[in-house]
Amino acid sequence: MDFSVNYEVAVAGGGIAGIAAAIRAARSGKRTVLLEKTLLPGGLATSGLVYIYLPLCDGRGRQLTFGLAEELLRSSLTYGPGEIPPPWNGATPPAGAPPARFRCVFSPAAYMLALDELLEDAGVDCWFDTLVCGVEQESGRLRALVVENESGRGRIEADAFIDATGSCAVCRRAGVPCHDERNALTMWALEYRSGAPNGDLGPELALRSFTPFPEDWSRVPESEIYRGLSGKLVSRFALESRRVLREHYREVHRSGRRSRRDNFALKLPLQPQFRKLYAIAARYVLDSGEDGRYVEDSIGLVGDWRRPGPVWELPWRILQPAAGPVNLLAAGRNVGARNDAWEITRVIPSAALTGEVAGLAAALAVELGIPVSELPVARLQQKLRELGFKLHAGELAPSAAPENAEG
Numbered sequence: 001m002d003f004s005v006n007y008e009v010a011v012a013g014g015g016i017a018g019i020a021a022a023i024r025a026a027r028s029g030k031r032t033v034l035l036e037k038t039l040l041p042g043g044l045a046t047s048g049l050v051y052i053y054l055p056l057c058d059g060r061g062r063q064l065t066f067g068l069a070e071e072l073l074r075s076s077l078t079y080g081p082g083e084i085p086p087p088w089n090g091a092t093p094p095a096g097a098p099p100a101r102f103r104c105v106f107s108p109a110a111y112m113l114a115l116d117e118l119l120e121d122a123g124v125d126c127w128f129d130t131l132v133c134g135v136e137q138e139s140g141r142l143r144a145l146v147v148e149n150e151s152g153r154g155r156i157e158a159d160a161f162i163d164a165t166g167s168c169a170v171c172r173r174a175g176v177p178c179h180d181e182r183n184a185l186t187m188w189a190l191e192y193r194s195g196a197p198n199g200d201l202g203p204e205l206a207l208r209s210f211t212p213f214p215e216d217w218s219r220v221p222e223s224e225i226y227r228g229l230s231g232k233l234v235s236r237f238a239l240e241s242r243r244v245l246r247e248h249y250r251e252v253h254r255s256g257r258r259s260r261r262d263n264f265a266l267k268l269p270l271q272p273q274f275r276k277l278y279a280i281a282a283r284y285v286l287d288s289g290e291d292g293r294y295v296e297d298s299i300g301l302v303g304d305w306r307r308p309g310p311v312w313e314l315p316w317r318i319l320q321p322a323a324g325p326v327n328l329l330a331a332g333r334n335v336g337a338r339n340d341a342w343e344i345t346r347v348i349p350s351a352a353l354t355g356e357v358a359g360l361a362a363a364l365a366v367e368l369g370i371p372v373s374e375l376p377v378a379r380l381q382q383k384l385r386e387l388g389f390k391l392h393a394g395e396l397a398p399s400a401a402p403e404n405a406e407g
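Residue numbers (our numbering): 1 to 407.
Any given hint might turn out to be false.
[Unchecked claim] Simulated restraints, written as ranges between beta carbons of each label pair: (1) Asp216 to Arg338: 38 to 48 Å; (2) Arg306 to Asn89: 18 to 28 Å; (3) Gly195 to Lys267: 25 to 35 Å; (4) Gly388 to Arg293: 17 to 27 Å; (5) Gly134 to Glu83: 17 to 27 Å; (6) Gln137 to Arg260: 35 to 45 Å; (7) Tyr79 to Arg208: 17 to 27 Å; (8) Thr92 to Arg143: 51 to 61 Å; (9) Thr92 to Leu268: 21 to 31 Å; (10) Asp216 to Arg143: 38 to 48 Å.
Think of the hints as simulated: they come from the structure by calculation, not from any bench.
Ideal placement from N, C-alpha and C gives every residue a C-beta, glycine not left out.
Taking the hints into account, I'd like the entire structure generated from these sequences.
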């Protein structure tokens, strides 16, 4: 090993979940490191060009998700365009208008600047261009992450660890059982289209999805289905998605509808746009149809970004591996969920919520001198309420819209 550094909390993965975890742990007074394999913060939301901050509300006028999830949404507009609709921006909505969702679209580069600032202000030690490539364990605890960067190969020791990599990179290396899910070939890109209407980011910029998500998996060619993860699979996914883009522009330019000067790719994603990779076998695995259910160990509420109405209470247990190191938590897309519930936990609002909870839990466990697996949930819930979280649907005010309201 070329180096060895010690922290109290180590967070792997610099996406929204990892950023929320690191900020909350650092604001709780713990020496915190954030490890990110690229040079940029934000993960899929920024370098992955999925720059839609999905709703923090239920689509019927009630905010569900609070804390850093809201702070991160509002900060996404600090240095760039985008708008939060009324009443969430403080303005009065038009009379008779259905409730708008508490969401926004943002500039990826502008958001990266804001995220850097939030991390710096919180005192998080950020290690970019640093790849987690192994773990060290002893007596049922994770002792260190083995990383590589331009300084060589080294050890990042900590008292508590959070896997927010999106692929369970730490959990899988630590022997935590995980399950995977199929992915379709995906390509989102930022393109220039002369005269293209897009009020959020300007009249000539457009976010385009060139490979829509399949509604019927039986019609998806086997060559376009990806499952699991390997170095070669990532390369194939990236090359195939860019081939789709080449074919699109070749056809558009040859047809004469637009030329290469007034319609072209402006920015390509810097990471593979997989929706679901791995989720941990947690102490509780959330599944389809569990919205509207009371959860005793709830750590917060999230809605359904696809339709108004559903309210999900997220259990504390979905962050905790059922087996493995006692000082390791998962956050973001890694938490215990499957089937349609995974569609709820994999997106930005849930990632921000579970990330903040993981960071808070790690800080509390370090403070108490216990593994995070032994942290009393009542203590965690008390701290979350102090941060303004709503933990159960019954704590919400009555809906401001009828049952058939559109979000």
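To see whether the hints hold, each was checked on the structure:
no.	hint	verdict
1	Asp216 to Arg338: 38 to 48 Å	20 Å, violated
2	Arg306 to Asn89: 18 to 28 Å	23 Å, holds
3	Gly195 to Lys267: 25 to 35 Å	19 Å, violated
4	Gly388 to Arg293: 17 to 27 Å	23 Å, holds
5	Gly134 to Glu83: 17 to 27 Å	44 Å, violated
6	Gln137 to Arg260: 35 to 45 Å	54 Å, violated
7	Tyr79 to Arg208: 17 to 27 Å	23 Å, holds
8	Thr92 to Arg143: 51 to 61 Å	55 Å, holds
9	Thr92 to Leu268: 21 to 31 Å	41 Å, violated
10	Asp216 to Arg143: 38 to 48 Å	47 Å, holds
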